[in-house]
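K.L.:
Letter by letter, the chains look like this.
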Amino acid sequence: MNFVDVLRDTIANSGFAILTWQQGVMMIVSFILLYLAIVKKFEPLLLLPIAFGMLLANLPGTGIMADPAGIMDASQAIPGARWYDDGVLRLIYAGVKSSIFPCLIFLGVGAMTDFGPLIARPSSLLLGAAAQFGIFMAFMASLALGIFTPEQAAAIGIIGGADGPTAIFTASKLAPELLGPIAVAAYSYMALIPLIQPPIMRALTTEKEREVKMEQLREVSKAEKIIFPIVVTVLCTLMIPDVAALIGMLMLGNLFKESGVVERLSDTAQNALINIVTIMLGVTVGATAEGAIFLKVQTLAIVGLGLLAFAFATAGGVLLGKLMYYVTKGKVNPLIGSAGVSAVPMAARVSQVEGQKANPSNFLLMHAMGPNVAGVIGSAVAAGFFLLLFGS
Amino acid sequence: MNFVDVLRDTIANSGFAILTWQQGVMMIVSFILLYLAIVKKFEPLLLLPIAFGMLLANLPGTGIMADPAGIMDASQAIPGARWYDDGVLRLIYAGVKSSIFPCLIFLGVGAMTDFGPLIARPSSLLLGAAAQFGIFMAFMASLALGIFTPEQAAAIGIIGGADGPTAIFTASKLAPELLGPIAVAAYSYMALIPLIQPPIMRALTTEKEREVKMEQLREVSKAEKIIFPIVVTVLCTLMIPDVAALIGMLMLGNLFKESGVVERLSDTAQNALINIVTIMLGVTVGATAEGAIFLKVQTLAIVGLGLLAFAFATAGGVLLGKLMYYVTKGKVNPLIGSAGVSAVPMAARVSQVEGQKANPSNFLLMHAMGPNVAGVIGSAVAAGFFLLLFGS
Amino acid sequence: MNFVDVLRDTIANSGFAILTWQQGVMMIVSFILLYLAIVKKFEPLLLLPIAFGMLLANLPGTGIMADPAGIMDASQAIPGARWYDDGVLRLIYAGVKSSIFPCLIFLGVGAMTDFGPLIARPSSLLLGAAAQFGIFMAFMASLALGIFTPEQAAAIGIIGGADGPTAIFTASKLAPELLGPIAVAAYSYMALIPLIQPPIMRALTTEKEREVKMEQLREVSKAEKIIFPIVVTVLCTLMIPDVAALIGMLMLGNLFKESGVVERLSDTAQNALINIVTIMLGVTVGATAEGAIFLKVQTLAIVGLGLLAFAFATAGGVLLGKLMYYVTKGKVNPLIGSAGVSAVPMAARVSQVEGQKANPSNFLLMHAMGPNVAGVIGSAVAAGFFLLLFGS
Amino acid sequence: MLAGKDLSMIDALTISLTGILMVFTELVLLAFAVVIISKVVGAFSKGKNSSKTTDNTTNSKSDAVPLPETQSRGEIDLIDVSQEDAAVIMAIVSNKSGIPLNRLVFNSIKLLEEE
Amino acid sequence: MLAGKDLSMIDALTISLTGILMVFTELVLLAFAVVIISKVVGAFSKGKNSSKTTDNTTNSKSDAVPLPETQSRGEIDLIDVSQEDAAVIMAIVSNKSGIPLNRLVFNSIKLLEEE
Amino acid sequence: MLAGKDLSMIDALTISLTGILMVFTELVLLAFAVVIISKVVGAFSKGKNSSKTTDNTTNSKSDAVPLPETQSRGEIDLIDVSQEDAAVIMAIVSNKSGIPLNRLVFNSIKLLEEE
Ligand code: NA
Ligand code: NA
Ligand code: NA
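Protein chains in written order, with this note's numbering: chain A, 365 to 756; chain B, 365 to 756; chain C, 365 to 756; chain D, 4 to 118; chain E, 4 to 118; chain F, 4 to 118.
Just so you know, these hints were derived from the structure itself, not from any lab.
Among the hints, a few may not be true.
What the hints assert, rightly or not - Derived PhoX-like pairs (lysine-lysine); straight-line CA-CA distance at most 20 Å:
#	chain 1	residue 1	chain 2	residue 2
1	D	Lys49	A	Lys586
2	C	Lys572	C	Lys695
3	E	Lys49	B	Lys586
4	B	Lys695	B	Lys577
5	B	Lys404	A	Lys586
6	C	Lys586	F	Lys42
7	B	Lys404	B	Lys577
If you're wondering where the values come from, they're calculated on a predicted model, not measured in any experiment.
My request is simple: use the sequences and hints to build the entire structure.
P.N.:
Shown next, in the form of structure tokens:
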């Protein structure tokens with residue numbers, strides 16, 4: 365062994381020597397996502413960790429997502445490898461694989477969500493249901509393309525639910541091989557809600573409809589707010605058992621908040637816990653997007669299908685809103701329907717902005733929050749339905 | 365496949381179709397516990413998560429506590445199942461099964477506990493010992509009933525220790541099948557301390573004894589407070605090695621607090637960390653209470669035995685307090701003895717309230733805190749003794 | 365069975381009966397470390413948990429670090445043992461074994477680190493490189509002693525990197541059997557920096573050199589600070605792929621901080637998350653130092669080699685600083701070179717203090733912060749180089 | 004149920020129709036449940052004087068539209084403090100004190116400069 | 004030691020007696036240890052002027068009974084603030100500043116209302 | 004690469020030389036990268052008026068040496084408050100409000116004593 369040998373071996377094992385073009389492209393994709401997250405502030409809380417995880421996973425030779433022990437994927441197993449030989453990010457990814465991370469994020473989301481506007485106007489739930497239309501449109505379109513299995517099509521459809529944890533929960537169970545593109549598409553389009561929705565909303569409504577000022581919501585009592593999460597858990601789970609983990613954690617978080625007796629748990633659920641999980645989920649979900657897997661025509665298709673899902677979801681919500689406008693003889697502003705896609709709270713803000721454009725004294729935010737949070741429940745139900753049909 | 369088929373299959377797989385009566389009863393039990401936690405504020409920090417976990421586990425068909433991979437219970441294993449096929453709550457339950465969660469809760473409890481009053485009056489430790497009498501009474505009564513194994517009887521006895529983590533730690537090692545009822549009984553009776561103790565305290569003491577004003581506690585130096593947790597760890601563990609994890613973590617937390625040099629660790633141990641663990645432990649412990657397991661005559665027996673344990677623990681403490689009253693010629697108020705059951709800090713508050721009823725100028729709180737925290741050590745020692753005898 | 369039998373068996377199983385002299389010595393060592401941590405305030409955040417873990421692991425008969433399931437060490441496996449039969453600390457130790465804990469600590473460190481001074485004066489990086497000289501000196505000295513394998517020598521060398529997580533990361537991969545002494549040595553010497561460095565710094569510099577006032581650092585723009593961690597991740601990982609996890613997490617944390625768009629993640633990374641991990645890492649790393657393993661001549665050698673590593677690292681930095689003093693014709697104060705060992709921020713403070721001794725109007729702190737943080741990168745690169753050579 | 008099977012486009016349509024039906028059924032069910040809850044709670048609380056069980060009763064009279072909990076009331080003078088910094092400070096005070104923002108009044112927030 | 008064995012009631016009694024004996028032995032041992040610690044620490048600190056090593060020395064003279072660290076001193080005017088809110092605010096200030104509550108004085112806590 | 008192999012002292016020296024060379028190469032590379040980043044960012048920001056992209060521009064004129072973000076400005080009267088407590092309070096205010104310490108002025112921090 366001499367100096368030159370060691371040096372040569374070191375260089376031969378360096379990343380420069382083994383970088384593939386796919387990895388190079390994915391690094392560029394990760395830079396673009398970092399740009400969108402940091403400079404354009406597109407859902408940075410998730411897009412930044414996802415993009416960085418993507419960068420790490422596509423730097424060659426790191427083994428940071430390797431699975432020689434076959435913990436997640438038995439086909440990668442190398443004889444003699446122990447669990448601790450797996451890459452750090454692969455091990456942390458266990459929290460995604462087991463659905464623990466999406467559930468804990470929903471726990472925090474529940475502790476941050478106010479279902480008051482929904483309880484004050486229960487018809488909000490209908491708008492939250494109509495906006496799930498996009499999920500099934502995208503499901504059918506995915507199947508029609510002929511390049512996805514039914515399981516994959518279902519996972520792609522859930523992008524239209526506009527809820528990150530629900531999309532990741534479903535994809536990790538039905539199509540783990542597509543988790544990267546699905547998660548990236550879901551969060552990207554959620555960030556793009558203010559660009560995607562307004563044209564559709566305006567195309568489907570008249571000026572007069574958009575000008576409607578809605579009547580003040582009634583006050584909701586504390587007792588109603590406490591009973592609500594319990595009833596939702598029972599009813600949703602009885603009907604679609606596969607949704608228990610997601611809806612259950614969402615509602616437990618909400619019960620923490622509304623009960624008022626466990627403030628320290630509520631506080632931790634919506635701060636330390638959700639932040640820790642967000643970091644770990646984001647980085648490892650991003651790290652699933654390895655070049656060789658990501659750079660396929662399928663990914664491009666998912667990007668297109670995701671947009672289609674969001675568009676039809678918006679349309680579904682607005683159209684039912686329009687129907688309610690007629691049924692109530694003009695008391696409902698159809699613009700609140702688009703908030704039913706969830707993407708809390710961006711979609712509700714879009715309703716507010718569009719309403720104010722039509723009528724500067726219009727204040728739709730609170731009215732749109734009802735369909736907005738109903739959409740979270742709606743897409744969880746749709747996800748549970750797919751899991752019931754296609755789950756193993 | 366047609367519309368009717370899919371619909372029929374979906375309904376056939378829904379929870380409505382497969383709900384058992386046991387599950388229905390358990391859901392009602394969970395509602396009652398939620399009511400007690402939220403409206404009556406009975407130990408809500410643990411009772412609310414426990415009750416919600418119980419609800420989730422008894423909604424049919426969710427698989428949220430399923431263990432097809434046999435991670436916790438080899439007899440449930442299904443060939444070909446991977447670890448990530450287990451239910452979300454079952455996986456999180458690993459933290460209970462491994463005793464990591466109870467230990468981390470004790471870390472936080474230690475960081476919140478002030479052993480100053482105990483150090484100022486070391487005889488408090490005797491009262492903390494006497495109040496463990498209930499543990500052994502309940503152990504013998506459990507065996508006498510003839511429906512429990514010695515291991516189960518020991519786990520039931522520890523309910524009388526009035527410390528949730530100690531009870532869960534012991535039950536998960538000696539009688540995991542009874543963990544649900546034991547945890548629920550332990551936390552419920554801790555919440556009921558203000559109802560259980562006063563009649564016993566009054567029955568066993570005279571008005572004159574209850575009127576005793578105790579002399580001011582001396583100041584305790586920082587050095588004593590720092591050395592104390594180290595000495596307790598060494599002495600307890602040398603004598604009963606099985607108690608190392610519990611006592612060790614409790615004392616490490618206390619050392620964080622008293623050393624004054626690791627404030628950020630102390631702060632995290634008693635906030636973010638204990639809250640995160642409390643949520644996970646509470647929900648999954650509650651989820652072990654599945655109807656088919658819970659609704660047995662054994663559970664009813666545990667409820668009765670737990671009450672017996674608390675009653676005899678209280679009596680044991682008060683009676684030794686009475687003895688100390690005579691030995692010290694009236695310097696010790698026997699009411700502080702009942703605080704030796706632990707249930708920190710409720711039992712000490714009960715002593716305070718009862719003392720003030722007898723003599724409005726009486727201020728027993730600080731004096732009762734000594735036996736109160738001594739009781740935590742006392743029941744951990746008793747638990748260690750049982751683990752030594754019956755542990756595998 | 366009678367009373368005497370039970371009592372005799374209990375005593376026979378107590379720790380008093382089975383305490384070995386090695387355990388006794390280690391308990392005394394742990395008391396000394398606790399004294400240094402609490403009274404002398406030597407890196408208490410890690411030394412206190414490490415010392416307490418050492419105490420717990422050396423109390424006899426506790427099984428708190430036992431591994432009957434063979435999770436970490438197949439040679440300890442006992443037939444029929446399940447994963448949950450392992451000791452609590454052994455299970456938590458999985459976070460060290462898998463490198464997850466050191467990586468998460470680096471995430472928090474990154475979120476607390478300001479690379480501004482380094483960006484303002486890129487030549488700082490040279491000083492951060494020169495101070496890694498100690499690593500290689502200690503590596504060679506370790507081999508020369510003839511009692512260490514090359515893997516062990518490399519792990520010992522990294523003590524000279526003066527970064528706890530890097531040392532633990534490397535040792536857990538190359539020489540897990542030496543993790544205890546290496547971690548203790550690394551943290552102890554980091555705490556002793558104010559005693560180790562000044563004599564070497566003064567011996568290698570002249571009064572005139574130490575009096576040099578350096579010119580004000582330019583302001584660094586936000587864009588530079590955001591791009592920096594991304595570029596470091598890419599360049600370091602491409603060159604030395606094995607360093608991806610460490611450098612990647614460090615830089616992700618820094619990106620959280622500098623991007624300004626994910627403040628809640630940055631806050632959690634540098635508070636709740638790093639504190640939780642510090643507790644668990646500290647206690648379990650300390651617990652690896654069991655008497656029978658720790659009390660060998662090797663440990664004594666490691667203590668000596670660690671000191672040698674720190675001394676040569678300091679000298680390397682100062683000597684390159686001296687060279688820069690000549691090259692720049694007196695614009696660089698060589699005292700900032702010693703800060704290149706990292707041990708952030710103590711080493712930079714030592715530069716400040718020594719500079720002010722020579723010239724009371726001297727303010728070197730900011731100038732020393734550049735080499736100081738560069739040293740973190742430098743030792744991670746050196747660790748990656750060793751992992752590339754000796755990693756399995 | 005259908006794991007691993009192939010689906011025709013008719014099947015896909017069937018599934019989609021069933022799916023959207025399920026979603027609507029579930030959410031309509033929830034809507035009815037909410038109505039029932041509200042009725043029951045209302046009946047109960049009327050029994051024991053309704054003002055006890057409602058949130059924010061203090062401001063229900065004075066304001067036409069109750070402010071959302073996340074909005075503070077009144078005007079505020081910002082002296083050398085950006086809107087964002089002020090919002091942060093207000094949110095902290097609200098969050099830490101547990102008093103909803105709509106019940107707090109900030110008169111002024113001032114960044115101290117060198118005298 | 005006895006895992007899986009059957010026990011008679013005599014055995015149970017034997018075990019219980021041993022158990023309570025162990026608990027008492029252990030806690031009496033600790034009591035002695037505490038006494039020894041206190042003596043040793045007292046002897047040491049007397050050597051270097053005892054006032055250095057004790058907590059809260061400032062208020063040891065003035066108060067008959069030293070306040071527990073979790074109790075604040077003095078009276079406080081609560082203006083439109085509930086006892087609970089006030090307690091929260093005081094606890095925050097104490098917790099965040101690291102000054103025990105018994106060394107802090109709050110003169111008044113006032114909820115600002117609209118002018 | 005060399006896992007499990009024996010090494011001579013010559014090997015050790017070779018490895019050490021390669022190692023220190025690698026460390027220097029890597030860090031020199033980074034130094035160049037930093038220079039390039041700075042140039043590029045500088046060129047960009049000159050285009051759109053450099054004042055936008057720099058931190059702390061407000062105090063860049065008035066101060067000879069810009070204060071580090073972790074240092075506050077001005078004098079402060081500490082009344083019955085230790086230096087440490089004051090530092091904690093200042094750090095909290097800075098941390099919580101997101102305003103760097105060097106932009107905040109504390110006039111006085113006073114520990115309230117009993118009236
Ligand atoms: Na949705
Ligand atoms: Na107890
Ligand atoms: Na270093």
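K.L.:
If a hint holds in the structure, say so; if it doesn't, say that too.
P.N.:
Hints and how they fare:
Using a Cα cut-off of 20 Å, the hinted pair Lys49(D) and Lys586(A) holds, with the two alpha carbons roughly 14 Å apart. A distance of roughly 12 Å separates the Cα atoms of Lys572(C) and Lys695(C); the hinted pair therefore holds under the 20 Å criterion. At roughly 14 Å between alpha-carbon atoms, Lys49(E) and Lys586(B) fall within 20 Å of each other, so this suggested pair holds. Of the supplied pair hints, the one linking Lys695(B) and Lys577(B) holds, its CA atoms being roughly 8 Å apart against a limit of 20 Å.
The straight-line distance between the Cα atoms of Lys404(B) and Lys586(A) is roughly 15 Å, inside the 20 Å bound, and the hint therefore holds. Distance restraint check for Lys586(C) and Lys42(F): the Cα-Cα separation of roughly 14 Å lies within the 20 Å cut-off, and the hinted pair is therefore satisfied. Among the hinted pairs, Lys404(B) with Lys577(B) is inconsistent with the structure: their alpha-carbon atoms are about 32 Å apart, more than 20 Å.
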